[in-house]
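Chain L is fixed; fit chain H onto it per the hints.
Number of protein chains: 2
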Amino acid sequence: MFRQTAEFTDWFAEQRTAHHYRVIPAPLDGLDGWIRDPDRGTLRHRTGGFFSIDGLEVRTDNRETESWQQPIIDQPESGILGILVKRFAGVPHFLMQAKMEPGNINVLQLSPTVQATRSNYTRLHRGGSVPYLEHFLAPRRGRIVFDALQSEQGSWFLHKRNRNMIVEVTEDVPVLDRFCWLTAGQIGELLMLDNVINMDARTVLAGWPEAGGRPPAPGSAREALTLSASTDRARHTDAELLSWFTEAKASHQLDRRAIALNETKGWVCGADRISHESGRWFSVLGVDVEAGSREVARWSQPMIQPSGRGVIAFVARRLDGVLHLLVKAHTEAGTLDVVEMGPTVQCVPDNYLHLPKSRQPDFLNLVLSAPNEQIHFDVVHSEEGGRFYHAENRYLLVEAGDDAPLDAGPGYIWMTVRQLSAMARHGSHVNVEARNLLACLRLMP
Amino acid sequence: MFRQTAEFTDWFAEQRTAHHYRVIPAPLDGLDGWIRDPDRGTLRHRTGGFFSIDGLEVRTDNRETESWQQPIIDQPESGILGILVKRFAGVPHFLMQAKMEPGNINVLQLSPTVQATRSNYTRLHRGGSVPYLEHFLAPRRGRIVFDALQSEQGSWFLHKRNRNMIVEVTEDVPVLDRFCWLTAGQIGELLMLDNVINMDARTVLAGWPEAGGRPPAPGSAREALTLSASTDRARHTDAELLSWFTEAKASHQLDRRAIALNETKGWVCGADRISHESGRWFSVLGVDVEAGSREVARWSQPMIQPSGRGVIAFVARRLDGVLHLLVKAHTEAGTLDVVEMGPTVQCVPDNYLHLPKSRQPDFLNLVLSAPNEQIHFDVVHSEEGGRFYHAENRYLLVEAGDDAPLDAGPGYIWMTVRQLSAMARHGSHVNVEARNLLACLRLMP
Numbered sequence: 368m369f370r371q372t373a374e375f376t377d378w379f380a381e382q383r384t385a386h387h388y389r390v391i392p393a394p395l396d397g398l399d400g401w402i403r404d405p406d407r408g409t410l411r412h413r414t415g416g417f418f419s420i421d422g423l424e425v426r427t428d429n430r431e432t433e434s435w436q437q438p439i440i441d442q443p444e445s446g447i448l449g450i451l452v453k454r455f456a457g458v459p460h461f462l463m464q465a466k467m468e469p470g471n472i473n474v475l476q477l478s479p480t481v482q483a484t485r486s487n488y489t490r491l492h493r494g495g496s497v498p499y500l501e502h503f504l505a506p507r508r509g510r511i512v513f514d515a516l517q518s519e520q521g522s523w524f525l526h527k528r529n530r531n532m533i534v535e536v537t538e539d540v541p542v543l544d545r546f547c548w549l550t551a552g553q554i555g556e557l558l559m560l561d562n563v564i565n566m567d568a569r570t571v572l573a574g575w576p577e578a579g580g581r582p583p584a585p586g587s588a589r590e591a592l593t594l595s596a597s598t599d600r601a602r603h604t605d606a607e608l609l610s611w612f613t614e615a616k617a618s619h620q621l622d623r624r625a626i627a628l629n630e631t632k633g634w635v636c637g638a639d640r641i642s643h644e645s646g647r648w649f650s651v652l653g654v655d656v657e658a659g660s661r662e663v664a665r666w667s668q669p670m671i672q673p674s675g676r677g678v679i680a681f682v683a684r685r686l687d688g689v690l691h692l693l694v695k696a697h698t699e700a701g702t703l704d705v706v707e708m709g710p711t712v713q714c715v716p717d718n719y720l721h722l723p724k725s726r727q728p729d730f731l732n733l734v735l736s737a738p739n740e741q742i743h744f745d746v747v748h749s750e751e752g753g754r755f756y757h758a759e760n761r762y763l764l765v766e767a768g769d770d771a772p773l774d775a776g777p778g779y780i781w782m783t784v785r786q787l788s789a790m791a792r793h794g795s796h797v798n799v800e801a802r803n804l805l806a807c808l809r810l811m812p
Numbered sequence: 368m369f370r371q372t373a374e375f376t377d378w379f380a381e382q383r384t385a386h387h388y389r390v391i392p393a394p395l396d397g398l399d400g401w402i403r404d405p406d407r408g409t410l411r412h413r414t415g416g417f418f419s420i421d422g423l424e425v426r427t428d429n430r431e432t433e434s435w436q437q438p439i440i441d442q443p444e445s446g447i448l449g450i451l452v453k454r455f456a457g458v459p460h461f462l463m464q465a466k467m468e469p470g471n472i473n474v475l476q477l478s479p480t481v482q483a484t485r486s487n488y489t490r491l492h493r494g495g496s497v498p499y500l501e502h503f504l505a506p507r508r509g510r511i512v513f514d515a516l517q518s519e520q521g522s523w524f525l526h527k528r529n530r531n532m533i534v535e536v537t538e539d540v541p542v543l544d545r546f547c548w549l550t551a552g553q554i555g556e557l558l559m560l561d562n563v564i565n566m567d568a569r570t571v572l573a574g575w576p577e578a579g580g581r582p583p584a585p586g587s588a589r590e591a592l593t594l595s596a597s598t599d600r601a602r603h604t605d606a607e608l609l610s611w612f613t614e615a616k617a618s619h620q621l622d623r624r625a626i627a628l629n630e631t632k633g634w635v636c637g638a639d640r641i642s643h644e645s646g647r648w649f650s651v652l653g654v655d656v657e658a659g660s661r662e663v664a665r666w667s668q669p670m671i672q673p674s675g676r677g678v679i680a681f682v683a684r685r686l687d688g689v690l691h692l693l694v695k696a697h698t699e700a701g702t703l704d705v706v707e708m709g710p711t712v713q714c715v716p717d718n719y720l721h722l723p724k725s726r727q728p729d730f731l732n733l734v735l736s737a738p739n740e741q742i743h744f745d746v747v748h749s750e751e752g753g754r755f756y757h758a759e760n761r762y763l764l765v766e767a768g769d770d771a772p773l774d775a776g777p778g779y780i781w782m783t784v785r786q787l788s789a790m791a792r793h794g795s796h797v798n799v800e801a802r803n804l805l806a807c808l809r810l811m812p
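Residue numbers (my numbering), protein chains in the order written: chain L, 368 to 812; chain H, 368 to 812.
Here chain L stands alone, though its shape is the one from the complex (with noise of 0.2 angstroms):
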């Protein structure tokens, strides 16, 4: 345990240097166990495991473009990211590893107690078995707190689900190398750090129920949001929020059709990698990895890199006195059910500056040109550095006062940080992006 955040910080700069990993950019032909298919171009492991890469042709009216192809993942088993708890002297601890993920632009980061696909934990690449897999495989002893299929990425991945698990237990935990438990204040703050806190360790924190760290100050935002805890005073009804999710699933179509990877319009298939024409977007590479740490030594792998760095961000406004979230209802090219809960804005700003003001994505303005006043954070952290490479996006929550408009349109709805925590107890409400934002507000110090 970490009496102090120094501390933590001086044990994680140790990780990093006790052991060895090297992480190079390889071309995807001939990347080692890798095959492309010849007639199709699909990217898949010669075991017919992990995950592929092929073709998809989206339909959609909830875009701003109708109809388009890319590249996607496609990945159908879904694995766990759980977290254990602990109290000590009454305070919650979350056990947290220091692991090393080869798209991680700083190689460590904190992940989940378990992160393991179902390829990891039934062993198909052969490695060492998963550290605490029991807890979260049942029959379990602890307590249940917070238990989910969540989706991912849906840029990326197509349907990809992941099992996002919290479990309370009271029995003593050994403490193996490169674990550590930190309080929800401890992980509050570094939350408000560059990449520190990796992807799956946010999205299942965004479960936690219990608010993080010190009483809030008056006037400030964890204020706001514990007062929202604690009143009715938001501008919707569950009933109303619950209708706003059905009107845009039963209004908007999203269809999507299988196509061959070597045949998708404006991608450019490349023996070093995939990219789309206009250099936007994203590309596909392959790395070779060496890691002295992890389950196997030495692998080869393709991973998304996308072409610019992400906003992703959530307008707030105080309604009643209570903060309210603009939430969109979001549709990508993998979404599973047509639409999700996602952040007022989610785009690579890159992808739209050839575009005029008036058709880049609404708030995106709004959000960048925000005085410092009105951000409560504005932090980056990377997206799975399993899958992604160099994918950084910047969190911001914006309290936008009465620049946010009270009717933002059909696609948009305001929900207080409550409302919103209340809907991602359920799977396949609330992306994966606004569930991270979730976290950094609610854990923020």
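To be clear, the hints were calculated from the coordinates, so they are not data collected in a lab.
Being a predicted model, the structure only gives us computed values, none of them experimental.
Do not rely on the hints blindly, as some may be mistaken.
[What the hints assert, rightly or not] Which chain L residues stay away from chain H? Per the calculated CB distances, all over 10 angstroms, these:
#, residue
1, D377
2, T427
3, E538
4, R600
5, D605
6, S610
7, K616
8, N629
[To be verified] Per the computed footprint, the stretches of chain L lying under chain H, defined by three or more beta-carbons under 8 angstroms from a beta-carbon of chain H, are:
#, region
9, 508-514
10, 786-794
All residues carry an ideal CB built from backbone N, CA and C; glycine is no exception.
For chain H alone, coordinates are given in the frame of chain L:
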């Protein structure tokens, strides 16, 4: 408005005689407006609209059989089932419609205010407009009470959903011919009569948040329900229930593959009808319909006729004074996302008569042999008369006491009525059979 239910009965009898109906079984070959694809055997409407019937292969580890093939209805569009509510002298009244459906055993039943497929209300079949539809389409003036995309019979429909809505208005509402206002108490009485309230009305009524009828008698099941609404004495927390649901989804598989209808193993595609070679499960037959009170006066269509009367039952038990229902994680051919929360028992017993008792569905014997004093209700209702021909189910609530095990295995969990009702507010959580029981249970006198 009817001061007494007897007045309704007179009105309803009048409706029955006021119009002309004829439903005549007809061979599938040559059914007016329908085509049997010569290669695959697919049954479809010549416009490409309404619905089609094709073959499906199912693989799952959550049923008696691990793999089977069957015909299934594909109706990708979702319609609206909407009930309009208005308070008269403070008492909520529901606007119900006496509606003819060709599959109804008694032709006429009470349906929601609006019961329309998208084909209906986009006028595919060139009939009249749908009355009261404007109350359910955005922008609406009324207050949304309930609005969810709910699944329908997974044994016969592939991924079918309808939007279930309850909208409360304060303005004057003209009562058209064939419509009437009924209170929750009156509907509760009618729900205890065989084949009066149709399936579409029952599934919507399950979303009504208030208890109906008179105050509960001491010691009655309704008192236990009321109690459950006001206490937290549930056996499991909501987090535990959601975890059980997540576990069921994550631990089971459900794979489907479209196959040609005329190559569906075990099924005989005749000129007249399609049936299973064993005579079990169901048949597909044709009907010619003449009606004087529908949008069009004459049409033909295929329908599904089950091989026998089904049993749909909740086994209940008081735990810590609160009525709990034994909910099962159900998988069916057409289930959208692996499992939904279903009744304790849901089957057509005739399909299992040839098996030894030990291989018959769990709790079927307990339900069928329950003494009278354990049975809170036992009533026969019809399924959707627009697609199912004479499809009747016995709906039962059996309070089994100690005969029902506290731990019935991982496929089952005990929930209070309040908890199951809250789950039903989210689409795709509670199946149509369980929602039907919920409607009976929550509105019964």
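Now for the hints, and whether the structure bears them out:
no.: 1; hint: D377; result: holds, 36 angstroms
no.: 2; hint: T427; result: holds, 15 angstroms
no.: 3; hint: E538; result: holds, 19 angstroms
no.: 4; hint: R600; result: holds, 18 angstroms
no.: 5; hint: D605; result: violated, 8 angstroms
no.: 6; hint: S610; result: violated, 4 angstroms
no.: 7; hint: K616; result: violated, 6 angstroms
no.: 8; hint: N629; result: holds, 26 angstroms
no.: 9; hint: 508-514; result: holds (count 4)
no.: 10; hint: 786-794; result: holds (count 3)
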